[in-house]
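Trainee: So the sequence lines, in the order shown, correspond to chains A and B.
Under our numbering, the first residue of the first sequence carries the number 1, and numbering increases by one thereafter.
Under our numbering, the first residue of the second sequence carries the number 1, and numbering increases by one thereafter.
Hints should not be assumed to be uniformly reliable.
As the list claims (entries may be wrong) - Restraint-style ranges between C-beta atoms, simulated for each label pair:
1) B:D9 to A:G61: 22 to 28 Å
2) A:E87 to B:S28: 47 to 53 Å
3) B:S26 to A:K55: 26 to 32 Å
4) B:G16 to A:D27: 31 to 37 Å
5) A:E63 to B:S80: 43 to 49 Å
Honestly, the hints are just simulated from the structure, not real lab data.
Glycine included, each C-beta is placed from N, C-alpha and C at the ideal position.
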Amino acid sequence: GAVVSQHPSRVICKSGTSVKIECRSLDFQATTMFWYRQFPKQSLMLMATSNEGSKATYEQGVEKDKFLINHASLTLSTLTVTSAHPEDSSFYICSARTGTSASTQYFGPGTRLTVL
Amino acid sequence: AQSVAQPEDQVNVAEGNPLTVKCTYSVSGNPYLFWYVQYPNRGLQFLLKYITGDNLVKGSYGFEAEFNKSQTSFHLKKPSALVSDSALYFCAVRDREGSTLGRLYFGRGTQLTVWP
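With the rest of the complex left out, here is chain B (with noise of 0.2 Å):
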């Protein structure tokens, strides 16, 4: 079955300092991934996707996410949080093949806090 484990529900971080939101999946055969953000009373914001390729995926606002297969993880980074990046993040996985072609499968989200 898929899945997407967020398995942090808050982080917390300084303004400056580097912050990493993680993400492992279970996806039969090999996922695209995505990262997502968002606002109160919003819809969500793509980030980045890694469909192919390099496994270091940037993205919008600095972020950047890296993509290994042998740990099946997609952990988001930022090497110098703002207060601004305080949001709620999504990972989501989509499958390449199979009858939920298309789907995506989100994570249950983390809370990102940057405090000054």
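Looking at chain A on its own, in the form it has when it is part of the complex (with noise of 0.2 Å):
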């Protein structure tokens, strides 16, 4: 299967500082890109969608200013969490396809920040 690498994959930051994370998809180029957020023993909520070259598009509840999201290219997403305060701590996963609806979602291997 395609290939969606992560990166770090554990960061730990001071309260108020910004953490960077980067997805790549390694091996296709991929149309849209997605942001999920998992606690323990529970499932992925989408955090946000985002096409190449557009705005992301934020789920209900999630502060666009506080998880700032960039798809610059076919192949790279970001999410930059800025001003992390303790409850940000989480595992936060990126997945990636390409543009056909019928096509698979690949997920990046997860980043597990924690704020101090």
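Mind assembling these two chains? They're in different frames, but the hints should get you there.
Mentor: Structure (structure tokens):
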């Protein structure tokens, strides 16, 4: 299957700092990328959907000024958690797929964010 | 409203025995259906999907799933479970049409434990 990479895999930061997470589709062009958040023993919560070159569409309740998403190319999307607080600590997973509606959505390995 | 139900939080099965992880859905129209597996602290790995055609879909690692339109189900099965199959399994559906085109809806996950 297609490969989606995520970097870093784990990050610890101080409260008030910003953290950037990168998501790359390694062997396909990702027309659409998704960012999810997962709490322990729970399902994935969709945060936002982004199409290359367009502004991201955020889910209700997700602060777009806090979670900045940039989908600058067909292989790269970034999520920046601005002014992070301990409640932002979570497992963040990106996902990508090509443009056809039947295409498979592939997931990155996830980033464990811990805000002290 | 679109929804996915995985009625069992936990499934336990002995190695070598068949396993079934259940999934039912409620989506308008004809959905695309997916199964993913998640190992601890990792992203989701794609197992299989139903788009159209044969109701029995074969996927990775010996897994298969049967699409049943009348029962709106898409149960995941494997004839002979392995200890290494122990993981968290997610069923997901995607609209073929409508304003939420492209979005995946996830079940809450089923923890599969295969004991030796």
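Trainee: Against each hint, give a clear statement of whether it holds in the structure.
Mentor: To see whether the hints hold, each was checked on the structure:
1. Distance hint for B:D9 and A:G61: a CB-CB separation of about 25 Å, consistent with the stated range 22 to 28 Å.
2. Checked against the hint of 47 to 53 Å, the C-beta distance between A:E87 and B:S28 comes to roughly 35 Å, which is inconsistent with it.
3. The given range of 26 to 32 Å is respected by B:S26 and A:K55, whose C-beta atoms sit roughly 31 Å from each other.
4. Range check, B:G16 to A:D27: about 36 Å between beta-carbon atoms, so the 31 to 37 Å window is met.
5. Checked against the hint of 43 to 49 Å, the C-beta distance between A:E63 and B:S80 comes to roughly 47 Å, which is consistent with it.
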